[in-house]
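Residues per chain, in single letters:
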Amino acid sequence: MEFIKNGKRIDKRLPNELRPIKFEVGALERADGSCYVEHGGNKVMAAVYGPRAVHPRHMQEANRAIIRYRYNMASFSVEERRRPGPDRRSIEISKVSREAIDPVIIKEFYPRSTIDVFVEILQADAGTRSAGINAASVALADAGVPMRGLIASCAVGKVDDTVVLDLVKEEDNFGQADMPVAMDVRTGEISLLQMDGHFTLEEFEEALQLGKEGCTTIAEMQREALVQKYQGEGHE
Amino acid sequence: MSDVIAEIRKDYIYGLAKRQERADGRALDEYRPIQVETALIEKAEGSARVKIGNTQVLVGIKLQPGEPFLDSPDMGVIITNVELVPLASPTFEPGPPNENAIELARVVDRGVRESGAIDLSQLTLPDGKVWLVFIDVHVLDHDGNLMDASALGALAALLTAKTPAERYGYGPDAPLPIKEYPVAVTAVDLDGEIMLDPSLDEEMIASSRITVISGAQGALAGMQKAGTGTLSSEEISRIVKLATSKATQIRDDVLGGLING
Chain A
97 MEFIKNGKRI DKRLPNELRP IKFEVGALER ADGSCYVEHG GNKVMAAVYG
147 PRAVHPRHMQ EANRAIIRYR YNMASFSVEE RRRPGPDRRS IEISKVSREA
197 IDPVIIKEFY PRSTIDVFVE ILQADAGTRS AGINAASVAL ADAGVPMRGL
247 IASCAVGKVD DTVVLDLVKE EDNFGQADMP VAMDVRTGEI SLLQMDGHFT
297 LEEFEEALQL GKEGCTTIAE MQREALVQKY QGEGHE
Chain B
92 MSDVIAEIRK DYIYGLAKRQ ERADGRALDE YRPIQVETAL IEKAEGSARV
142 KIGNTQVLVG IKLQPGEPFL DSPDMGVIIT NVELVPLASP TFEPGPPNEN
192 AIELARVVDR GVRESGAIDL SQLTLPDGKV WLVFIDVHVL DHDGNLMDAS
242 ALGALAALLT AKTPAERYGY GPDAPLPIKE YPVAVTAVDL DGEIMLDPSL
292 DEEMIASSRI TVISGAQGAL AGMQKAGTGT LSSEEISRIV KLATSKATQI
342 RDDVLGGLIN G
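Residue numbers (our numbering), protein chains in the order written: chain A, 97 to 332; chain B, 92 to 352.
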């Protein structure tokens with residue numbers, strides 16, 4: 097399969113170009129905070145509940161809030177129907193996503209409580225964990241959870257021996273490498289890093305820088321979406 | 092339940108790290124002694140016990156004829172599972188695999204799979220079936236760095252595995268077609284000091300750790316950050332470089348006999 101023709105990818109993007117991304121803050125009524133994200137073919141809804149009481153009680157921590165994160169794919173979100181409920185992949189993604197957003201949340205403000213993040217993948221087209229983290233980060237801010245900053249995430253990979261940003265399904269499935277990253281926007285530090293496939297050391301360095309650039313661009317969109325919703329509030 | 096560590100012990104380990112020292116006297120990039128024994132479970136098609144210091148895992152390989160995946164009818168199948176059995180740590184509880192066991196299994200699996208360690212195209216059988224390769228990691232003693240011990244155990248066990256072809260009427264038994272030798276190296280960062288092969292205490296104190304899996308040519312095959320801390324790209328780059336050269340050393344020193352034998 098040929099992935100890059102005349103410098104353009106199968107969906108006409110440049111190697112360092114993101115897919116179109118759209119954030120909708122506060123898309124849900126009942127949740128304390130929410131965000132809907134479209135990222136290329138991905139359609140993702142994130143909701144935040146809390147800080148609220150922990151059930152079961154034994155999970156609570158005396159000096160800080162706990163964070164729970166559930167990444168879940170709708171059975172209709174992919175070509176072949178998925179069996180509903182958590183599988184091993186979504187359990188791992190829930191773990192690394194929770195760890196990705198954790199460092200910016202000021203948990204010490206809410207002892208003995210939980211902040212619950214629910215991410216539903218309604219349609220999947222590669223990069224769902226990143227889209228979920230981007231949505232979750234905005235939903236946390238929408239819920240008014242105290243945070244040191246936002247977390248932004250995107251994937252980098254390799255196709256036709258070229259390092260590319262933000263893989264689509266075909267590039268993910270048949271490409272040479274896939275590396276999701278998440279970044280604390282304020283510090284530039286990495287809070288999620290996974291990789292599988294084949295990278296030389298040089299390619300890895302290039303990919304990491306490209307991933308950080310992608311996260312920076314996404315962070316600007318997250319900020320913009322939040323400003324859009326909240327500008328003027330508090331002055332009435 | 093999780094392990095708890097006294098604040099004073101924590102301060103002690105951080106204090107040592109500042110002076111580039113470790114509680115067990117190792118250099119920052121030094122592994123605990125690694126021991127690999129193979130073929131100790133006769134009923135398994137391949138097996139290995141790996142000890143890294145006091146950490147101990149037993150890996151068994153079972154092979155069975157079975158149906159290939161629909162989208163890859165000409166390829167064998169790898170299925171990896173990790174059991175964090177309660178005998179290995181006071182913090183492990185019986186029950187279905189939790190997220191730690193699942194993460195461990197999936198990282199080991201990706202290392203074997205993405206590096207191309209097994210030539211899956213050679214695992215087809217004449218009747219349309221393929222060999223299903225079950226990699227089962229049984230953790231026996233958890234004293235830190237289960238990731239590297241499990242990955243090393245998986246590779247060592249695969250290197251000694253033979254297809255049970257005769258038992259299923261497919262001709263003579265044959266060794267598995269192994270093409271690449273992925274080795275996992277895990278690092279933690281304590282206040283800017285990078286330590287390889289974290290002990291249990293170091294692992295518990297560190298806010299994050301990174302596992303880097305690389306092949307014989309030094310190419311990266313897999314990576315996983317775990318934990319709630321963050322790392323700068325400079326720290327990550329340092330770790331990746333350190334990890335790939337350490338992997339080469341481990342491959343030569345510990346697996347040399349198995350690879351060339």
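There could be a bad hint or two in this list.
Straight-line distance between alpha carbons at most 25 Å, and here's what the computed DSS-like set of lysine-lysine pairs gives [said to hold, decoys possible]:
hint: 1; chain 1: A; residue 1: K308; chain 2: A; residue 2: K104
hint: 2; chain 1: A; residue 1: K308; chain 2: B; residue 2: K332
hint: 3; chain 1: A; residue 1: K203; chain 2: B; residue 2: K101
hint: 4; chain 1: A; residue 1: K308; chain 2: A; residue 2: K139
hint: 5; chain 1: B; residue 1: K220; chain 2: B; residue 2: K270
hint: 6; chain 1: A; residue 1: K118; chain 2: A; residue 2: K325
Among chain A residues calculated to face chain B with C-beta under 10 Å, some are [claimed, not checked]:
hint: 7; residue: K191
hint: 8; residue: F295
hint: 9; residue: L297
To be clear, the hints were calculated from the coordinates, so they are not data collected in a lab.
Where a beta carbon is used, it is the ideal one built from N, C-alpha and C, also for glycine.
key: Hints that the structure is at odds with (numbers, increasing)   = none
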